[in-house]
Amino acid sequence: MANIGYEHVICDPDKCIGCRLCEYACSLTKTGAFDPSMSRIRVVRIEPVTMTAITCRLCEDAPCIIACPRDALTRSQEDGHILVDEDRCDGCGWCIEACDFGAIVLDPKTKDAAICDLCQDQENGPRCVEVCPKDALELTTPEKLRQKTRRAVVARLFEELLEQ
Amino acid sequence: MMYSYTGKILHVDLSTRKSWVQEVDADFLKKYIGGVGLATRLAYDNVPPGADPLGPENALCFACSVFAGTTMPVGTKHGVAFKSPLTGTIGDCLSGSHFSEMFRRAGWDGIVITGKASDWTVLFIDDDDVQFLDGNRYVGMGTTETQEAVRGHFGDENVRVSSIGPAGENLVRFALIDNDGRQVGRCGPGAVMGSKKLKAIAVRGSQPITVADPEELFKETLKLIETSQGPGTAKYRTLGTPSNVLNMNAMGVLPTRNFRETVFEGAETISGEYIEQHHKIKSVGCSGCSIACEQWAEVREGKYKGSRIGLDYEPLFAVGSNCGIDSMPAVIHMVQIEDELGMDAMSCGVVVSFAMECYEQGILTKEDFGGLEPNFGNDDAAVKLIEMIAHREGIGDVLAEGVRRAAEQIGKGSEHFAMHIKGLELPGYDVRSLQTFAMGMAVGTRGGCHNRALSYELDVKGVVDRFSLDPSRGKMHMEKENFACILDCLVLCKFLRNCFDDFYPDVARIFTLTTGIPMTAEELEEVPVRVHNLKKAFNIRQGWTKEDDWLPPRVLKDPIPSGPSKGAVINPDDLRVTIEAYYEARGWTSEGLIPKSLLIELGLDDIAEDIGVEEAVADIAGSE
Chain G
1 MANIGYEHVI CDPDKCIGCR LCEYACSLTK TGAFDPSMSR IRVVRIEPVT
51 MTAITCRLCE DAPCIIACPR DALTRSQEDG HILVDEDRCD GCGWCIEACD
101 FGAIVLDPKT KDAAICDLCQ DQENGPRCVE VCPKDALELT TPEKLRQKTR
151 RAVVARLFEE LLEQ
Chain E
1001 MMYSYTGKIL HVDLSTRKSW VQEVDADFLK KYIGGVGLAT RLAYDNVPPG
1051 ADPLGPENAL CFACSVFAGT TMPVGTKHGV AFKSPLTGTI GDCLSGSHFS
1101 EMFRRAGWDG IVITGKASDW TVLFIDDDDV QFLDGNRYVG MGTTETQEAV
1151 RGHFGDENVR VSSIGPAGEN LVRFALIDND GRQVGRCGPG AVMGSKKLKA
1201 IAVRGSQPIT VADPEELFKE TLKLIETSQG PGTAKYRTLG TPSNVLNMNA
1251 MGVLPTRNFR ETVFEGAETI SGEYIEQHHK IKSVGCSGCS IACEQWAEVR
1301 EGKYKGSRIG LDYEPLFAVG SNCGIDSMPA VIHMVQIEDE LGMDAMSCGV
1351 VVSFAMECYE QGILTKEDFG GLEPNFGNDD AAVKLIEMIA HREGIGDVLA
1401 EGVRRAAEQI GKGSEHFAMH IKGLELPGYD VRSLQTFAMG MAVGTRGGCH
1451 NRALSYELDV KGVVDRFSLD PSRGKMHMEK ENFACILDCL VLCKFLRNCF
1501 DDFYPDVARI FTLTTGIPMT AEELEEVPVR VHNLKKAFNI RQGWTKEDDW
1551 LPPRVLKDPI PSGPSKGAVI NPDDLRVTIE AYYEARGWTS EGLIPKSLLI
1601 ELGLDDIAED IGVEEAVADI AGSE
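Protein chains in written order, with the working numbering: chain G, 1 to 164; chain E, 1001 to 1624.
With the rest of the complex left out, here is chain E (with noise of 0.2 Å):
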């Protein structure tokens, strides 16, 4: 007997407007658990080799967390997984929040959708009732205001909805989709979506979930609520993620206009202290949420007056300090429209930052900007920018194809400083200054990310030397991005990381108390290699080759100019024996390929089959 779990993955062919149900026993979902995990496998399953991200052949993989819609707090989440429109490897994204648990209430452990709507289409699972509606009085909508619209055409409170806004519509490559305010954000989800005229997915659910053990359940979660009340969560508390930028100001590792510098003289007027004291309205939750890290803030007076939206740091960072930007009321107007546009806030303050480079050097003309004068700090041409990147208008058509493929049509030299790791924008970390971390996103899967590894810790938390790299770090790094990986895959927010007396053991128990499915704290920690494993077995099969593991120029060739990481930069060969170490201690080859025998062991089989390679003779790194 299986709780929470339905072992039904429900697969919708948008083409054919037809769908059907595939089964899976508990031991495929022992495998992947859920949310990433599961989504991965099944973007592996339903994502053909050299599929088009933009075409019908993609696959929008969603799975739920089999926590989701319990007590299990920050467990109502779900993960998705695509072939990236900016990256071309896996896209593997969460978000969380009411939608997250009407997906487990329609008795769903998964959804794929394939194919391609002859016209906008809202698709409506009501349970196992599967509709195809009209998504034509939508278009052009934005992404919250999608969701009210779809719910209000129900009239019911209890249909969630997640949405594409007008950039999803326009194919702009970082867009994202949207529930409840909350983003499956990055990697551009919300285009793979727009290139299917899939403008929203309504989720009602009405069964209820059960679980193996309720009282004992109730009894571990209530600590974990408990705990999470304490100084492991604190800092996402209060202030939440933007305490992040007086403190990475004062190590100098604040991305400041496009990855020039690193320390932001207006940070003060952009820090999560500011917001607190002028701007904060109410720390808000997702759906199980017992933290409350959204931070909502508004603007109370000038020209950006009336604009509100829950802050975090990662857009603040980029349309904040990276674009030169020191007003808050413009970065709160800013990322509220990125939000309602519906495109990843974090991608699109990089490609703005980028344009702004390219109009500083003089490589972009006024004319091109079509009469705007960005320069750095202008916050006006930026709100102006990010509309037109969103409608794809003018030279925002160029700029909506993500920084790589605009500096490849631009040229002249912007290659250098197009701020990306296998296309995919960076986060707002100077990696100059933070090396670990920098190698960690050379090999990540889904490239410039933060949020597949916690490998940033050592280095903020002087575990290792910042400022240089050396083989020990290829292990360190990867035992940092399994525990992300298996947070991943429960889902559990990554605030909940420091509540846990002894987290394997722990939530092995909890995910047995909840599934009734036996697992013990090995089985549990082998989840996250060998989901990772299979995130890179998807890229293999999709073409990525060593060179893909790799910095952009800037932060290999440009010492950081001034501040407290000066002198700063990646030395191009310690990155590479880093990076060797790194794929030995996967135990993959020293060109980054995966022997079959690992991928047996690991219970991939099947994969073996596809991509696994002979162990060379030639590899003799003399692994352990």
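Extracted from the complex, chain G is given alone in its bound form (with noise of 0.2 Å):
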């Protein structure tokens, strides 16, 4: 793998709008219904003006995995995303209580964790990504994040020098 660390969705709070319907639009596509209470992605708004949105960060050395009691959460060597075994999950939601980010949720029909696969089974990648009308979420990877920020910082200072 040429980057360090997987890809994974972040969301821009300067841009996100608080809309949800990046919510609206995973539920779809993994429950076939709208239901945000089942999106894998959720949006964080603390009235009026402050929110983000919030799914797994695939993290390097993941606590839901080690906190696992019947190791049922795994990684995939695809592309990283966290698998969960159906048949080994029996949702006693620690791996819930491990997520420093709040993002796996317990699908209440089939009494499992549920935690973003990054729509691998979707041609256009990530629905959240695909629906998000100000471009506030984005499928990357710590590296290429670093790299964008530096890019963003340099522009930024050397347009400051030239104004000068």
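Hints are computed from structural coordinates only; laboratory data are not their basis.
These figures come from a predicted structure and were not determined experimentally.
Heads up, the beta-carbon is just placed ideally off N, CA and C, and yes, glycines get one too.
Hints are supplied without guarantee of correctness; some may be wrong.
Only some residues are given here: those of chain G computed to face chain E with a beta carbon under 7 Å [stated by the list, open to error]:
hint : residue
1    : P13
2    : I17
3    : C19
4    : R20
5    : L21
6    : G32
7    : F34
8    : V49
9    : G125
10   : P133
When the alpha-carbon atoms are kept at most 25 Å apart in a straight line, the in silico BS3-like pairs for lysine-lysine are as follows [claimed, not checked]:
hint : chain 1 : residue 1 : chain 2 : residue 2
11   : G       : K134      : E       : K1219
12   : E       : K1494     : G       : K15
13   : G       : K134      : E       : K1223
14   : E       : K1235     : E       : K1461
15   : E       : K1280     : G       : K15
16   : E       : K1235     : G       : K109
17   : E       : K1223     : G       : K30
18   : E       : K1461     : G       : K15
Join the two chains into one complex using the hints; note that each chain is given alone, in its own frame.
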């Protein structure tokens, strides 16, 4: 793998308008119905202007995998997303407690943990990214993000220097 | 099989603390769709003729959008209808965001609230479980403060709340209902809620929303979400509606000092551009909205430091230019306290400007104002007046009745400049300089409102001569009224209106993908005609007469004194013939009544029995 770190969905809070279309689209994709409580991505909106979306960050040393007492959680060899073995998972919720981001949801129907799988079965990638009207959501890796941040800061500094 | 809809209307009687479920079928829902259409039908069926708007017999009727909680952009909304304590006619309002989604997910197409609780109550609708909780602990709290407190009580962010503020508790006639910082704003719904001793409605829904064809619907809505980032919404996405300030000022349309003038010398510092440069925090969207028109602004220094609010043009004009106030910090502060106290900022601003003109003309004195000197431009006095109105203190008690009733009480010629139609205070466009719009508001079913028709577009875009009236405007206005009405029934935000290739066929298809109910473009086009006649029928049954379709004296007598619209005034004879042309276009009699045959044609047979008239022999207007 060329980049260090796995691809995951991040949200730029400056661009996020709190519309929650990502939740609607995610739940539709994963459950066939609009049901934000089942969405793998959730918008946190601390009224009135503080808002961002949170989903699984595919942590390098994922605490959810470590926490699971039944070894139901493993990492996909392909893209690193967290796989849930439905036969082993019995919905105890320790992974939910272990997750620092509140990114795991317990499906009341299957009684299993449900985690963002980056919509690997979707042609156009994650549905939340596709639906986001303000391009606040992005599929990226820590390395790509570092590169982007560096370029942005240099561009800004030089712009300011030129202005002086 | 029906999707999205549940076919269930929840009825709640606060007097007896009982609730029951009314079942409705697909044919019924297809006729009214949802939002304002369904809410108006529920109001017609549940508000008896002659009802006291602030009595237990008035019904507060909520109806969800069929698209709430789906990816259909700007469709997560709901309508509310009731008999308005300001106008005595239909009060049909809209709001949106998280509350609407929970409303849909709780499994209800509509909620009808009647009766009066014996003490302050919070109604909690937890899916199909209805609870009546003590509301006393929230009395005196502001609107969003109440929502946070109620949510805190349950400890669950999935509880979404509609609430009133102190103004609603005190039956201020233009009090509003707030949910998620969005407002069921006009016509006084908060006073109706207050009269029922209902402080808040909390809703929690846990049901998934199923739709007929999820994949196709997703594709269609994705296209619309993309289009909604294009030129059709540019105005709303960049500066939001406050961009109107400089545009309206340049055209000589910006109401200034209680509609005396139409150009404001201080427009620059209350403009959208000024907010962007000095006060903007962020653009924010409602739940399900891809546009994000709401421009959050804050005051960073000075006596109003720390005030912050999402600003729109209408509140801005009302407390800004119309009160002669050119300070954006003062505007931000006033709109914030109006929202939190729970009053319609449009009506309230016009009420304050009315009081200012009473003061400047010597009709009311410093003593009447309890020591205040509310000259135009005095923001300290305006802030104080807003608080006095919400709490009905001193002169605030009179002003809390709205300008029509206040002018009746105050007299001394103040009726001349009481700027209302049917009792509802005017919006932010001087109607002498937008005359198609003026006629449209005169005949409007809820009075002085810009939002139930889009006919100002004809005037502003130069499709017609904006300084005159002629009978051709009757039909033109009707078409704009129908288009606004269908958006209100679906419910879709009006800011999406320029994003469709071919509106009726496109939306009929999306409706069917959502609900599974077949719908043709022609059938959809009939809905607003039916619903508009229904609103009118509601008004007729509540005592409307032709004399109510008229404009305030100032716009018929005082020409605009200066600026690009100088000299403009509405000719009453032209107004009268245009109104009659409008009635004719609607297929009504020259008295503005609805023939039985028309109501039957629209599938409103039961209403034909109530208010329909036989086509009179005298009515030989020669309709086509």
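Tested hints:
1. The beta carbon of P13 of chain G is not positioned within 7 Å of any beta carbon in chain E (closest approach about 9 Å), and the interface hint is therefore violated.
2. Taken as an interface hint, I17 of chain G checks out: its beta carbon lies about 4 Å from the nearest beta carbon of chain E, inside 7 Å.
3. At a threshold of 7 Å, the smallest CB-CB gap from C19 of chain G to chain E is about 4 Å, leaving the interface hint in force.
4. Interface restraint check for R20 of chain G: the shortest CB-CB distance to chain E comes to about 5 Å, inside 7 Å, so the restraint holds.
5. The restraint placing L21 of chain G at the interface with chain E holds, with a minimum CB-CB distance near 6 Å, inside the 7 Å limit.
6. Annotation: G32 of chain G was flagged as interfacial toward chain E, and the flag holds, the nearest CB pair being 6 Å apart, inside 7 Å.
7. Given hint, F34 of chain G at the interface with chain E, holds; its Cβ is 4 Å from that chain's nearest Cβ, closer than 7 Å.
8. Against a cut-off of 7 Å between C-beta atoms, the interface hint on V49 of chain G holds, since the closest Cβ of chain E lies about 5 Å away.
9. Among the interface hints, the one on G125 of chain G is violated; its C-beta lies about 13 Å from the nearest C-beta in chain E, farther than the 7 Å criterion.
10. Given the 7 Å rule on beta carbons, the hint for P133 of chain G holds: about 4 Å separates it from the nearest Cβ of chain E.
11. For the hint linking K134 of chain G to K1219 of chain E, the alpha-carbon distance of about 18 Å falls within 25 Å, and the restraint holds.
12. Using a Cα cut-off of 25 Å, the hinted pair K1494 of chain E and K15 of chain G holds, with the two alpha carbons roughly 23 Å apart.
13. The straight-line distance between the Cα atoms of K134 of chain G and K1223 of chain E is roughly 14 Å, inside the 25 Å bound, and the hint therefore holds.
14. At roughly 15 Å between alpha-carbon atoms, K1235 of chain E and K1461 of chain E fall within 25 Å of each other, so this suggested pair holds.
15. About 14 Å separates the Cα atoms of K1280 of chain E and K15 of chain G, which keeps this hinted pair within 25 Å; it holds.
16. Under the criterion of a C-alpha separation no larger than 25 Å, the hint pairing K1235 of chain E with K109 of chain G is inconsistent with the structure, at around 44 Å.
17. With a C-alpha separation of about 21 Å, the suggested pair K1223 of chain E and K30 of chain G falls inside the 25 Å cut-off, and the hint holds.
18. Proximity of K1461 of chain E to K15 of chain G is assessed by CA-CA distance (about 33 Å); at most 25 Å being required, the pair is judged violated.
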